[in-house]
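Participant: Residue numbers (the numbering used here), protein chains in the order written: chain A, 1 to 131; chain V, 1 to 709.
Among the hints, a few may not be true.
[What the hints assert, rightly or not] Straight-line C-alpha distance at most 30 Å; calculated DSS-like pairs for lysine-lysine:
| no. | chain 1 | residue 1 | chain 2 | residue 2 |
| --- | --- | --- | --- | --- |
| 1 | A | K88 | V | K522 |
| 2 | V | K458 | A | K88 |
| 3 | A | K88 | V | K528 |
| 4 | V | K528 | V | K542 |
| 5 | V | K528 | A | K120 |
| 6 | V | K542 | A | K88 |
[Claimed, not checked] Pairwise CB distance ranges, derived in the manner of DEER restraints:
| no. | chain 1 | residue 1 | chain 2 | residue 2 | range |
| --- | --- | --- | --- | --- | --- |
| 7 | A | T96 | V | N563 | 20 to 30 Å |
| 8 | A | Q118 | V | S570 | 17 to 27 Å |
| 9 | V | D518 | A | E5 | 33 to 43 Å |
| 10 | V | V562 | A | E5 | 30 to 40 Å |
| 11 | V | G410 | A | T96 | 30 to 40 Å |
| 12 | V | L533 | A | E95 | 19 to 29 Å |
| 13 | V | L533 | A | N129 | 29 to 39 Å |
| 14 | A | N129 | V | D518 | 37 to 47 Å |
Note that these hints are calculated values from the structure, not bench results.
Since the structure is predicted, the reported quantities are computational estimates derived from the model, not experimental observations.
Ideal Cβ positions, reconstructed from N, Cα and C, are used throughout, including at glycine.
Spelled out, the chains give:
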Amino acid sequence: MSQVEQVVHIDDDEDILSITRMSLELVGGFDVVQFSSAREALESLAGLKPDLFLLDVMMPEMDGPELLQEIRRRPEYTSTPVIFMTAKSDRQSMETLIENGALACINKPFDPLTLADQLKSLVGARENNEP
Amino acid sequence: MRHEPIKTEKLFLLVSSGATVVRKPISSGRVLWGCELKSRPETRAGRNRRHRRNLNLVYLAILILGVCSFLLLDRAIVSQKLESERAAVQRSLNSTKLRLEGLLDSYGHMSRSFAVAQSFEAESGFQSLARLLRDNNPSVINLARSRDFVITNVHPIEHNQDLLGYDYRTNPEQMQSVQAALDSGDTVVVGPVHLVQGGLGFLLRTAQPGLENIVSSIVLDFEKILTESGMEAEPQVYMSSARIKGVPGTDEEILFGMSEVWDNDPVITEVILGQTTLELAKIPSGGWQVDRSHHFILFLTIAILAGTGVFGVNYARRLILERAEARRRLLDAIESITDGFVIFDEQDRLLMCNDRFRKTFSASSDVISPGAPFQAILVDGVNKGLYEDAKGREEEWLADRMRLHNNPNGPSEIKLSNGSWIKVSDAKTRDGDTVSIQTDITELKTALQTAEDAVRSKTEFINNMNHELRAPLSVILGYIAFLRRLELYPQYTALRSAIGDDHKLEALLNEFCTVIVDQATKSENSGKHLLDLINSVLDWAKLSSGTVTLRLETVELDQLLVNLGEEFRSSAEGRGIRLEVVAAPLSIEVDPLRIRQVFTNLITNAIKFTDNGFVRVTLSTDARSVLVTVEDTGRGISEEERHWIFERFAQVDNSRPGSSGGTGLGLAITRNLVELHGGQISLTSTLGEGSKFQVNLPIDMLRPGKVAT
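So here's chain V without its partners, still in its complex pose:
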């Protein structure tokens, strides 16, 4: 299915991360494939407000979390403290219970011992034993013995005389315990019961072994027993109470301590006393009040954690904002550049590209999407005729492009069918991704083509001018050559024959011929000079257009210089100067025509500007160069002239005799030709003493065989 690019108000960049493709927002106003957000464009201020709002929500969440944490932790600590306190109360109560049970047990033993002892004792013995027991056990209120259910002995007698003769059978409740003791043969604990003499007490009834219906009873003070058990120990710490556990639905009777204990969620334990269950209860003396000293530490800890959280959120937010800002700027920059930009991952799948890339390759827009393989995009373009260079050689072109893409080695160029040129610069990242920048160089290529056309036109013009100037000059110089040799004309021979012996006419003819030959010679000189000028201008034009290429051959340079010396010797001697060539055998690889042109220029210049003395050409070598010097004893060249003498159109002082008539191109062409050979030319000169031009040619042009010394 084809997805046309959609102009949207806010767009997302599709970014593939591994196998996951995620959608991330980028700046508004761009065209991307198939991604649209219908909300209004978000300004920077709007984005900041949204971030601030979100941040406030985070702060509020941290605050709520802190408060909740405080409350929950406080509750847990309080609960833990309450548990701990209840456990302490429970331990105290358990201790009380154990002591109570121990006391009752020990009193039980005492009761059995008392019963055994009484079986052999009379009244006096009863009293003395009972006194002993009562004196040593302050909880014992009284002791009694009954026979056949009637109390026969009681101690102390005082205040208990009324008990003597009391028949248990008149009180079913008491009779029941007496009978239980007789039936069990063991000690029966009864109570707590309201005592006849007032107060509460435990009754310990023990049947006297071996004697029928004789039962010993010991009455214990309930309050003292509980006090002795520890119910009132540490009153500043605990509040205690005891009651009989009643039948459900009935009120229990408070027997000991304060009733409010039972209203404050007391710790309760039960002591089973036969048919009766005694409930013991304790609470802290101040009630269940929890120490809140942990509040400060807890608050401080949560405040520090919340502060750290806020700092962390702020820090993370700043990092995220910075990353987001950096990312936004990067994406903006990538979108803003006028070149196409595209990244392929290490599996050569499209990661991202900018709008310019998609516009350049819009013909393949349906396959340009995240995850698309590079080769698929390329093949699609080829199939749609996007690439001009690929037409007719698709397979070869694809192979070349893939090779350049996989092994980037400098920029390459692609010509598209629409006539535009794209310079593709691929590079590999450290992660193995391929980053490609695609620059539209159409204007550059057009300019280059225009320049090349201009150079070609210039070359053609030069060649045409060469022909058009030389052709008439050929006619001029051709005819003039014959004018200097009039005897070659048949007409001249005929005229001279017709004159015969007429000496006057012969003299006139000779005089006429002399004038003709003289003027022809001058015309020929001017014609040759004109030819030199044309040659120089055309040479310079070729050199400056870069169309001159060297034809390197092995040349015997010494011989070339010697030949030049021979060629120009007569010219030098005509000016009254010596031309010397000092050259040991040396072979070198140069363009013979061009190197001859170099030294021809230097030698003719030296002869031209030397009035007396000599011109000496010397060939030598050093470690790095082949050196040719052309030295003269001429007029010399001033320091100022030496600065520009190798520039084109430069001429030394034209006011000097013999210096006129040049193009000023000779030394410029010479330097250019030397530099084309990889060499250098230099000049030293002293006004009035002479000049020395030195040509240095690279030593690697030297060829085995002949070497100068």
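The following block holds chain A by itself, in its conformation from the complex:
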């Protein structure tokens, strides 16, 4: 299982931010940096070198897929894994997200007690598949 130390999480729902922080910090022991909007995240990412981006899909002003494109434009994040968390569980939407560069999609509601392990597993699997 990969070593995930820092996760940047962006979601416009404060409760989801709270639950995810509890899940990743208290259960997974990650360092979690959270933003409540894509713009705020883009303005504040400088200097951060997270091991994983955890993005919400539906957000006002700039949604998750657009944020992913912006993140990928930054050289330091071209290969940083991005995982979406979405309540839009239809298969087509999830496949589109993966085709656009996401590592995986996690359905909401998620199990906060296993979320950290799930993220580690997904990132680890990706690293194992890379040459």
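Given the structure of chain A, go ahead and fit chain V onto it with the hints provided.
Facilitator: Here is chain V on its own, set in the frame of chain A:
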């Protein structure tokens, strides 16, 4: 030149037949191109009256023709009969003439023989020879001999004594014939002449050879000669007469027979006797009366022919009327249909079209005329922007349309610039014509578009609901998860540290935590149930809207079932029942997520409704199917319930323990997913003994490699 459609009272359909374009009347009140008749509209009764009038004229013509034919044929037959009768009379007359000429000739011979014989005979010899000749020839009246123009011998003496010593020179007329005989040395026939002793007779004068001025004369009875010639033969058949042909302008003298013969157009022949021409005439004894026995046959024949003609006219009229009526009905029907109708001939030239077609393509009305090529009409429409689909890709669109027109293969659709949609159904006839029906499907397309918009709106609504329901549920279930694990809260750890060794407070805290965890667990269960319900409703909504598509992959079905068995084993054991999976290796091409959903539903249902015993999942194959059975020893399903258990919102008896809380969509979704795979699901069950669900998936989904046994 542009021809605007004209509203007319009576119109003609322009029909092209080969190279000829003819104009035929159709029913009134329609608009056609450039065709007008100014007469009043003809009603059906008016048309019938006109037909009856025409028919009467035909009958009258047949009658006149019959009468004329009768008269002409009768005249020809009568004429032919008259000719025939005249020919018969002519033959009889010719025969008479020949006999007369023959008699005179033979008497001439006799006269010459008499003259030769007399040259050596004296008076006694003359008398005996003359007697012999007269006795044997009853037409001979007397015989005489003259010398130096004076009669010296005569026979019979009786009644002719006065002739002895008669000098011909006293009668120039007789002298002329005597002299002619002397001059010719042959027999001269004179007559008919009035005889001295009365009556008419022929005189045969012959000069005695070698003796100067001796002439023998034989007097023949004119009437007897003619009678002997046959002039009075068959008196019941013919009437005969004879006369001297006179000089023109003078009356001829009737010498023989009745004068009325000459007044009844007789058959006449002439006999030339020296300077005299004798005319012989004959007519039938009853006059020229023609046998009219042919009248009946002639009348009967013409009557039969006329009758046949009338029958033929009636039959032809009926056929024509029937054809005309059928044609009128067909044209009326074509004009009445609400779809556009058009026919192009084998050279793809316009034969005919109805009003609806012209209205639909009114922009091209100036080229829509009989004989116009299909392509010309199409190109005109494209040039005028009639076809919305053609804009910007005119050449390609024209090529497509021509291909569809020339090789009809089911209906096609055209969108016009005015927003309407036309369904074009082309078909080829046996003659090579192309028949096209053009249906306005604008309403249908609008309804379809509305329905598609509704489906899209529904899908968007479902997706939004999916998000809007899951988002708060995520918060609820997220917080509850932590409430079940209070030790994760730093505050809890701090509180417990603050209590320290105070056992009473510790007991109270533990009791409080137990209540919190218990209630959190119940809330979590309800939340998960709510999530299941939401998932089911959303699944059903997607399935019923037809927006679910399968992602087929090769799946090791045995492994999938085994994994499900592992997943739900603890749940089954928690209810005191065994969960068994009997599956030999088998690979199959299915949608793994959806097929997993199918068996998840069946297995969880079986566990849910089984109180003791087992739930067994079995994988096998037969000749046609891959079979998966989920069998339980549960409560069973009644026969009545089995009829609707696969229907949506169906649930078995809710009064049963553990049966509440479902949407009634689980088995409906299961059946729908199985059928999406081309399979079937069936159920056998006995109340109190258990149920057996069997899923049959098509054998052609089987993939080489692993095969169940």
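Participant: State for each hint whether it applies.
Facilitator: Each hint, compared with the structure:
no., hint, verdict
1, A/K88 with V/K522, "holds, 26 Å"
2, V/K458 with A/K88, "holds, 15 Å"
3, A/K88 with V/K528, "holds, 17 Å"
4, V/K528 with V/K542, "holds, 21 Å"
5, V/K528 with A/K120, "holds, 25 Å"
6, V/K542 with A/K88, "holds, 13 Å"
7, A/T96 with V/N563: 20 to 30 Å, "holds, 28 Å"
8, A/Q118 with V/S570: 17 to 27 Å, "holds, 20 Å"
9, V/D518 with A/E5: 33 to 43 Å, "holds, 36 Å"
10, V/V562 with A/E5: 30 to 40 Å, "holds, 37 Å"
11, V/G410 with A/T96: 30 to 40 Å, "holds, 35 Å"
12, V/L533 with A/E95: 19 to 29 Å, "holds, 25 Å"
13, V/L533 with A/N129: 29 to 39 Å, "holds, 37 Å"
14, A/N129 with V/D518: 37 to 47 Å, "holds, 43 Å"
Violated hints: none; the structure is consistent with every hint.
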